[in-house]
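Chains A and B, in that order, give the protein sequences. Residue 725 in the working numbering sits at position 84 of the first sequence, and the numbers go up by one each step. Residue 107 in the working numbering sits at position 101 of the second sequence, and the numbers go up by one each step.
Don't read these hints as lab results, they were simulated from the structure. Bear in mind that the values here come from a model prediction, so they are computed numbers and not experimental data. Be aware that a few hints might be false.
Unchecked claim - Simulated DEER-style distance windows between Cβ atoms:
(1) B:34 x A:653: 41 to 47 Å
(2) A:759 x B:85: 32 to 38 Å
(3) A:659 x B:62: 30 to 36 Å
Said to hold, decoys possible - Result set (SDA-like, lysine to any residue): computed pairs, CA atoms no more than 25 Å apart in a straight line:
(4) B:64 x A:737
(5) B:43 x A:670
(6) B:43 x A:682
Ideal Cβ placement from N, Cα and C applies to all residues, glycine included.
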Amino acid sequence: GAGVSQSPSNKVTEKGKDVELRCDPISGHTALYWYRQSLGQGLEFLIYFQGNSAPDKSGLPSDRFSAERTGGSVSTLTIQRTQQEDSAVYLCASSLASPRDRAYNEQFFGPGTRLTVL
Amino acid sequence: GENVEQHPSTLSVQEGDSAVIKCTYSDSASNYFPWYKQELGKRPQLIIDIRSNVGEKKDQRIAVTLNKTAKHFSLHITETQPEDSAVYFCAAKGGSYIPTFGRGTSLIVHP
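Okay, chain B solo, but in the shape it has when bound (with noise of 0.2 Å):
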């Protein structure tokens, strides 16, 4: 089946700068890759997808890259805010056809 790693861990960053969490995945069948943002004591939230056939995608402050030769894909966040801080997932679908989940980047921003 899938598998999708995620990194790093957790991402300290000061108000402002730049995030970029990156995963990769082991399906080269996999054809979805969203993004959710789950704020403490919350359900996760989808942000931002991309699907295989496009190699960017952005969204005001976030953009998703993705390179299907090197199977991996990563979440941009530029001029990082206090709100930015969560927990961010990954995730791929493929020939499972059941999106397989990374185990998160605790995201925090620093004022």
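Extracted from the complex, chain A is given alone in its bound form (with noise of 0.2 Å):
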């Protein structure tokens, strides 16, 4: 079936533009999560979603980043007045059970978006 999917693969932006960046999860799927990936660095996780609630927001480096999820699938990560250092590979992932569930697996990650502020 089809995986995890992410719009668009790549992004290059100005300085102080706003960006979206867009996730589909796996069908059925009720986890997902966004992280950002900078130059050999790790995962560094942004915000979780439980169905369209976002439990847990507390990796949102700014104000300037928020995100929403609508009818328990797709899901929006929006950066404001983009700066520089926001430049980065924005992954997002899915999982079928609730990270509290204990039957919990692996989280299935989306190709990512490249995103270049200039």
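Please assemble the complex out of the two chains, which come individually in their own frames, going by the hints.
This is the structure in structure tokens:
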């Protein structure tokens, strides 16, 4: 079946502009996560959705970052007034069960959106 | 919250040698430990995982060991091949229930 998809695959923007990144999780996956991966760095957690609600937004680096999820499916990560330090690959992942579920297993990652802020 | 340390950051081996990557975690409530492989320009993919009720798990040339007392777990790859070259990430899921990832190990297997 179809995996997690993200769009666009690449985004180049000018400093100060707003950007929207989209994630389509695997159908039926209730949990959705956003991560940021800077060059040579690990996976920095940004936000987690269970259904349409976001129980954990603790990783969002500033109030310029926001995310929403509608219909328990597609999610959009918005970065306002982009800065050069926002340049990174933004990865989305989904999992079938809630991470609170004892049956929780793997996260399936999307291909990422490479954001470059000039 | 959970803190995961991963070592080494870079590992270079000859084809056929074994490779070991080690991770430590801080949250004693952590109960799920996945390992992901990320090839250059591709998405991370799960290669093996272990839960806190077992000490070791094997899948062909890869194995993971877990020491709950010491709060560390390791990935072992035997008979390495050039296609094993990638960045490997460990993660731990604990009381905060969101998996925390290590910073990654770049494994280079020389033919």
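Evaluated hints:
Between residue 34 of chain B and residue 653 of chain A the beta carbons are some 44 Å apart, a value that agrees with the proposed interval 41 to 47 Å. At roughly 45 Å, the beta-carbon separation of residue 759 of chain A and residue 85 of chain B lies outside the given 32 to 38 Å, and the hint is violated. As the Cβ distance of residue 659 of chain A to residue 62 of chain B is approximately 49 Å, the hint placing it in 30 to 36 Å is violated. Only pairs whose Cα atoms come within 25 Å are accepted, and residue 64 of chain B paired with residue 737 of chain A is accepted, the gap being roughly 24 Å.
Distance hint between residue 43 of chain B and residue 670 of chain A is fulfilled; the C-alpha atoms sit about 22 Å from each other, no more than 25 Å. The suggested pairing of residue 43 of chain B with residue 682 of chain A holds, with an alpha-carbon distance near 14 Å, which does not exceed 25 Å.
When the structure is compared with the earlier hints, violations turn up for hints 2 and 3 and for no others.
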